[in-house]
Amino acid sequence: MPSFNFTSFSDFLAMGGYGFFVWLSFGGSIGALLALGWYSKRQQQQFIQQQSGRAAREARVRQQQDREQV
Amino acid sequence: MFKWLDPYAKPQVLFATLLWWQRGLMPLSIVVLLLGTIWGLGFTPADYQQGDSYRIIHVHVPAAIWSMGVYAWMAIAAFIALVWQVKTAQWAIGAIAPIGAVYTLIALFTGAAWGKPMWGTWWVWDARLTSELILLFLFLGVMALQNAFADRQTGDKAAAVLAVVGVVNLPIIHYSVEWWNTLHQGATITKFAKPSMDPSMLWPLLICILGFALLFGALTCLRLRTAILQHEAHRPWVRQYVEEQQDAKL
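Chains as they are written, first to last, in this note's numbering: chain A, 1 to 70; chain B, 1001 to 1250.
It is worth saying that the hints were derived from the structure and are not from the lab. Keep in mind that this is a model prediction, so the values were computed, not measured. There may be inaccurate statements among the hints.
[To be verified] Here are the simulated DSS-like pairs of lysine-lysine, each with C-alpha atoms no more than 27 Å apart in a straight line: (1) B:LYS1157 with B:LYS1010; (2) A:LYS41 with B:LYS1087; (3) B:LYS1087 with B:LYS1194; (4) A:LYS41 with B:LYS1249; (5) B:LYS1191 with A:LYS41.
[As the list claims (entries may be wrong)] Computed list of chain A residues with no C-beta within reach of chain B, every gap over 12 Å: (6) MET15; (7) GLN43; (8) ARG54; (9) ARG60; (10) GLN65; (11) ARG67; (12) GLU68; (13) GLN69.
Beta carbons: idealized from backbone N, C-alpha and C, even for Gly.
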């Protein structure tokens, strides 16, 4: 069973003197992946908003045309 | 032989299948990645030469392996799009390329952050690093080409051709450390021999590699679904889906 390799939390953060490089790598990677996931999700939401806006607009136009015909 | 695949070329069928896979893969990939990184960051011994700096391996190697794996999948989609004119395969190219670009960027970025303390430099024009940089440009090139023509189909075709031709770079990246004298080290696990790594360190790395693969799958499902919606926007089933999504929100 693997056990915790560091004696304290500050020891863990220090990463044996390589803390800056290790956390820079992990931080940068997590940031890039989250940004990609967020952007991809937002693209889809934007499409749905845009389309439903268009559908609503078309419905309003049709309603108006019906009224004018009467 | 591949008859059973035919229905999946139909956008509506593929859309539903992708949603099913995305719902499973997204949470699973996050759990696997968390497990691998926490294990690799805190529960493995330090390297006898590199100390704790070696822990960067848990993002660097999976991102680097899958930057090539993602490219291979994109090229397969491009080949199918070119040869059999499958439009969903064509859309997959644009869905996959940004994922590959991000993976390649992560591999280069973490490599630089690892190179600084171990080699004494952020960057060298070494064969491995340079060929990986070219891979980034290939991904960006495919993305740029798709939107570079007034006629969308011409752009799609040009991007597919570039994606297929760019495959030549994959063996160059892989064998660069053997063919040339590189500062970058040789293969540790991607070779036809026992990995030169102790099991206590190998397991979390393999879990991270699996995690990056699952995340690639999940993101591809999400992005390809968006592409299908955009290309099929005028179809009744998409209109109905949009309505359902909007109703669910209210």
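Exercise for the section: Against the structure, test the hints numbered earlier, and report the numbers of the ones violated in rising order. Expected result: The structure breaks hints 3, 5, 6, 7, 8; every other hint is satisfied.
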